[in-house]
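S.K.: Protein chains in written order, with the numbering used here: chain D, 7 to 83; chain P, 25 to 222.
Hints were generated in silico from the structure; no laboratory data involved. C-beta atoms are modelled at their ideal positions from N, C-alpha and C, and glycine is treated no differently. Among the clues, some could well be false.
Counterexamples of contact, computed for chain P against chain D with all Cβ distances above 12 Å [what the hints assert, rightly or not]: (1) Thr28; (2) Ala29; (3) Tyr31; (4) Ile32; (5) Ile82; (6) Val96; (7) Leu113; (8) Arg116; (9) Trp118; (10) Ile123; (11) Ala125; (12) Ala126; (13) Leu128; (14) Ile132; (15) Tyr134; (16) Arg138.
Where chain D lies over chain P, by a calculated footprint (3+ residues, C-beta under 8 Å) [claimed, not checked]: (17) 33-45; (18) 49-63; (19) 68-76; (20) 148-162; (21) 167-173; (22) 176-183.
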Amino acid sequence: MRRNLLFILMSIEIMLNAAGLAFVTAGARWAQADGQVMFIFILAMAASEVAVGLALLLQFYRQNESLDADAARQMKG
Amino acid sequence: MSVTAFYIAAVIAVLTTFLVITRKNAVQALLYLAVSLIAVAVIFYDLGAPFMAALEVIIYAGSIIVLFIFVVMMLNLGKRATAAEATLLRPRMWIGPTILAAILLAEIAYLLARGNTAASAAHLIPPREVGLALYGPYLLGVELSSMLLMGALVGAYHLGWHTQPKPETQDVRREHATSPDAGRGPVRSGSGRTVGAA
Chain D
7 MRRNLLFILM SIEIMLNAAG LAFVTAGARW AQADGQVMFI FILAMAASEV AVGLALLLQF
67 YRQNESLDAD AARQMKG
Chain P
25 MSVTAFYIAA VIAVLTTFLV ITRKNAVQAL LYLAVSLIAV AVIFYDLGAP FMAALEVIIY
85 AGSIIVLFIF VVMMLNLGKR ATAAEATLLR PRMWIGPTIL AAILLAEIAY LLARGNTAAS
145 AAHLIPPREV GLALYGPYLL GVELSSMLLM GALVGAYHLG WHTQPKPETQ DVRREHATSP
205 DAGRGPVRSG SGRTVGAA
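Kindly generate the complete structure, drawing on both the sequences and the hints.
M.R.: Laid out in structure tokens, this is it:
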């Protein structure tokens, strides 16, 4: 199992992109614009998520000198 | 909608996504992730959503991947980074993503050169319709996503602001420590001058 936080964030991006692909495909199947509207919302959410996630990752690396997610078990409070 | 173009882009998307989650090198995984997002953009174009394809390339493959690359560059600074840079320029690192991206480029060039045929126009949902839906029944969602983006901006700024407080506070303290010494000089000379004038 991979525990690198950078790869975890990249995998979250892949999963959000898959959800957006499903929305756009469903919108194309029924010829409605709603699927593309939902994709725009997913895009905004993914952009904000990756900004906060990468800022947290930099803080994590400064404190623990590693990107291992298991290092966060030392966290107190 | 061209079926062969869709299948080529779909195979490339699945292959590159699998390569992203199996690579050990973060930069190589990011290159494959960019190719995967561009392949999904080609699928969007094929599905009759050209505006979504443009947004996918601009926001996902443009800004989000660039953010990841900035963070990877910030994580390994120093001598180790220059050694890592040398390995990144070897053809082994970039030949795979380059070939797959070239296939996608040829495919999108073929689709653009063929133009909007009647088959693709039947499925096409124009950006105008998307915009009307976005600012009609989904107006509340637009407001909510603007609040989300504002919160993300403030949160990322706050988290990034607290990363380097140590050198700044040390400099400030040193300035405070040296300022009484620097301030004592003019006072002494001024007092001497008043004594001389008296």
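S.K.: Could you run down the list of hints and mark each one as holding or not?
M.R.: Structure-based check of all given hints:
1. Thr28: Its Cβ never comes within 12 Å of chain D, the nearest being 18 Å, so this holds.
2. Ala29: Label holds. Min Cβ-Cβ 15 Å, cutoff 12 Å.
3. Tyr31: Answer for P:Tyr31: holds, closest chain D Cβ roughly 14 Å.
4. Ile32: 16 Å, holds
5. Ile82: 10 Å, violated
6. Val96: 7 Å, violated
7. Leu113: The claim stands: P:Leu113 keeps its Cβ more than 12 Å from every Cβ of chain D (closest is about 21 Å).
8. Arg116: Since the minimum Cβ distance to chain D is about 20 Å, P:Arg116 lies beyond 12 Å and the statement holds.
9. Trp118: Non-interface label on P:Trp118 holds, nearest chain D Cβ at 18 Å vs cutoff 12 Å.
10. Ile123: 21 Å, holds
11. Ala125: 17 Å, holds
12. Ala126: The assertion about P:Ala126 holds, with a minimum of 22 Å to chain D.
13. Leu128: 16 Å, holds
14. Ile132: For P:Ile132, whose nearest Cβ neighbour in chain D is about 17 Å away, the distance exceeds 12 Å, so it holds.
15. Tyr134: 20 Å, holds
16. Arg138: 19 Å, holds
17. 33-45: Answer holds; 3 residues pass the 8 Å Cβ test.
18. 49-63: As far as the stretch 49-63 of chain P goes, the hint holds, because 6 residues have Cβ atoms under 8 Å from chain D.
19. 68-76: holds (count 6)
20. 148-162: Per the Cβ count (7), the hint holds.
21. 167-173: holds (count 3)
22. 176-183: holds (count 5)
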